[in-house]
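A.B. asks: Each chain, written out:
2 protein chains.
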Amino acid sequence: MNQSTTYAVILAGGSGTRFWPASRKSLPKQLLPLGPAAPQTLLRSTVERLKGVTCKENLLVATGAHLVGATRQELSDIPERNFLVEPLAKNTAPCIAWAALEVAAKSPEGVLCVLPSDQHAADPEAMEAALQQALLVAGTGRLCTIGIVPHRPETGYGYIQKSAQPLPIDSKPSSSDGSAAPSQKTQAFSVERFVEKPDLERAKEYLQTGEFLWNAGIFVFRAKDMLEAIARHAPELFASLMRLEAARSSGQLPPDAIQRYFDDVEPISIDYAVMEKQSDLAVVPADFGWSDLGSWESAWELSPKDARGNASPQGTVLVEAENNLVVDLREGNSESAEVASKKKVIALVGVEDLCVVETDDALLVMPRSRSQDVREVVATLKSSERSEFI
Amino acid sequence: MNQSTTYAVILAGGSGTRFWPASRKSLPKQLLPLGPAAPQTLLRSTVERLKGVTCKENLLVATGAHLVGATRQELSDIPERNFLVEPLAKNTAPCIAWAALEVAAKSPEGVLCVLPSDQHAADPEAMEAALQQALLVAGTGRLCTIGIVPHRPETGYGYIQKSAQPLPIDSKPSSSDGSAAPSQKTQAFSVERFVEKPDLERAKEYLQTGEFLWNAGIFVFRAKDMLEAIARHAPELFASLMRLEAARSSGQLPPDAIQRYFDDVEPISIDYAVMEKQSDLAVVPADFGWSDLGSWESAWELSPKDARGNASPQGTVLVEAENNLVVDLREGNSESAEVASKKKVIALVGVEDLCVVETDDALLVMPRSRSQDVREVVATLKSSERSEFI
Chain A
1 MNQSTTYAVI LAGGSGTRFW PASRKSLPKQ LLPLGPAAPQ TLLRSTVERL
51 KGVTCKENLL VATGAHLVGA TRQELSDIPE RNFLVEPLAK NTAPCIAWAA
101 LEVAAKSPEG VLCVLPSDQH AADPEAMEAA LQQALLVAGT GRLCTIGIVP
151 HRPETGYGYI QKSAQPLPID SKPSSSDGSA APSQKTQAFS VERFVEKPDL
201 ERAKEYLQTG EFLWNAGIFV FRAKDMLEAI ARHAPELFAS LMRLEAARSS
251 GQLPPDAIQR YFDDVEPISI DYAVMEKQSD LAVVPADFGW SDLGSWESAW
301 ELSPKDARGN ASPQGTVLVE AENNLVVDLR EGNSESAEVA SKKKVIALVG
351 VEDLCVVETD DALLVMPRSR SQDVREVVAT LKSSERSEFI
Chain B
1 MNQSTTYAVI LAGGSGTRFW PASRKSLPKQ LLPLGPAAPQ TLLRSTVERL
51 KGVTCKENLL VATGAHLVGA TRQELSDIPE RNFLVEPLAK NTAPCIAWAA
101 LEVAAKSPEG VLCVLPSDQH AADPEAMEAA LQQALLVAGT GRLCTIGIVP
151 HRPETGYGYI QKSAQPLPID SKPSSSDGSA APSQKTQAFS VERFVEKPDL
201 ERAKEYLQTG EFLWNAGIFV FRAKDMLEAI ARHAPELFAS LMRLEAARSS
251 GQLPPDAIQR YFDDVEPISI DYAVMEKQSD LAVVPADFGW SDLGSWESAW
301 ELSPKDARGN ASPQGTVLVE AENNLVVDLR EGNSESAEVA SKKKVIALVG
351 VEDLCVVETD DALLVMPRSR SQDVREVVAT LKSSERSEFI
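In the order they appear, the protein sequences are chains A and B. Under the numbering used here, the first residue of the first sequence carries the number 1, and numbering increases by one thereafter. Under the numbering used here, the first residue of the second sequence carries the number 1, and numbering increases by one thereafter.
Each statement offered as a hint is correct.
Residues on chain B that point at chain A, a partial pick, calculated with CB under 7 angstroms:
1. V317
2. K344
3. V345
4. A347
5. L348
6. V356
7. L363
8. M366
9. P367
10. R370
11. E376
12. V377
13. T380
14. F389
Here are the computed distance ranges between Cβ atoms for each label pair:
15. P255/B x R386/A: 49 to 55 angstroms
16. K305/B x K305/A: 34 to 40 angstroms
17. S369/A x A89/B: 44 to 50 angstroms
18. S76/B x L88/A: 56 to 62 angstroms
19. P254/B x P39/A: 53 to 59 angstroms
Keep in mind that the hints were calculated from the coordinates and are not lab data. Since this is a predicted model, take the numbers as computed values, not measurements. Ideal Cβ positions, reconstructed from N, Cα and C, are used throughout, including at glycine.
Start from the sequences and build out the full structure, keeping to the hints where you can.
C.D. replies: So this is what it looks like as structure tokens:
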């Protein structure tokens, strides 16, 4: 696998409310310094993890029009032409299709790794090994996904059932640049089926069988194979895509053609539009300390903590406080904890298991266990016409 | 009792740590908008309650040099010459002695009501009635104090034991301005003794006997009687005071003489220096919803609350939150809740009995029940050389 034909596509659009008040319409989760690598943003961490997979020239970043400024600023080392700016949010399929089109235009044999921009991987080397294996599989013409080996009966994720036997694929990569070969344990399987979020009983069964993996939304495929699959499973999307391609001039897609494309297409995920309909889909099981970082609770779980379980910025005054998460995202608080500590002090006395998040214009206090209920705050602000806070 | 001979002295010096992060060295409790009259400061509320007792011309405000700017600003309707500025904090006796000296210089028969500036009175009319009664008693030549009728076995206050029989004093005031006469129930007693903060068992006994009252630090006396008492019980203080008086020129005490006086005198409370040694001390029992507002807990108790027991600024987002105190003292947050709500939103989700206090440079989160432990935060900040926060 030559690096020059490997592309990465980082999906950095969308917006979420689960990290309010940190996450906002104009500052989504991937642009926040969450998790153990903080104050590095999740987006930056995602880019760093792809160093061994492809070069910056081949790293595409798909993002929304309202986010492009902040996203480019965060990834100022990525060439401007590599940003795919979605004028409208239409879920993942239209965007991934566009990315495949762009890669196909440059390199017909080009392979794409598509990854969310807001996840965590505790073991980047194991992740890279899984991606390398998936690149090998994709090189044989199959669409491939990475499936996360579950360690608990999680009911919050979709699952992928893999075949009992691995696919007969040569596990020795034809790396031309001496990048690490995937470990011998890394294998690929056929995807038997995708499964929606299960109830707890079913999730326990899944865990026991050893045949089920979490769907992390990481896909690897050759551009031409994805285009073929879209043509087969999503002909309307493909037709729009061909109209888009027809507008290409001097190698570039004109903005008005991109706008028309996004006006035309239906919003649909790549899972529904293509993956779940594809018969020869492959999956590479992987175990690299993956987390979707779905809530403040998981942010606490991943963060470095003191001896009493508090994850808090240096300078926080903690008096008999245990297992709390303190996040201080006020602007002007430098990355240097010393400078930050001079700007504002946060003191917790005698509290346990709390989540305290402070931004310039909002403060959230709740038990960590109530992390899912942040959406109620956002709903309240929306209904009381205080949308400046969301 | 003619108003022209009645003076009030509000003790507005000192500093406390119990309301950190709201209270600071340069912003003590009396300058904070605490309690039910918020956003009015406690100092302003204290002044308002004295309207029926004396006029602004006769209202003296004793404060520290570091506080005089903020205090004058808060009481811009009080003449500048009425501020007694203590160059050094020497407890209450030197300051009250000075106030008595000033009043004696203006009006030998002048009577002083000395009151702390940071207390709460739910029933100002009852308080005024008690002060009027005390003014009558003081007019007979006795030093008098107001004793608060206890409703619980409080261990945090000093007590005053009163005589079983009331003093034979005419309860009809010779008011010359038609101000309200004290209620017939208001009586005066001899003080049997002062008692230090008791343990719980003793406090329960005190409550049962009906003979014990809380010492609220409110004193009423003629200037000349206080000067005599100081001469008798605190001769060194009296000597310093006489040197101060000797420096008076054109009716004014020169600043360097005041400085010398405060350099000379020992720090001591008026209770220790005079009151506890005085044999014919009188006490007027009173029940006017008094509170010393000694902690965030008592601030919550006194504040207006919603149906779920939350005392919080308008605009606070409360999702299944109960019995919390939220205080937002950030500068620029106007008194108008509407304006404040646009500036910053505070959201509490699923928390109970918490105290959340926000200022421009600090945030405190603790259970209300831990209010006493705020001092530990201040101690931590002090020891870590972050005194800019205290």
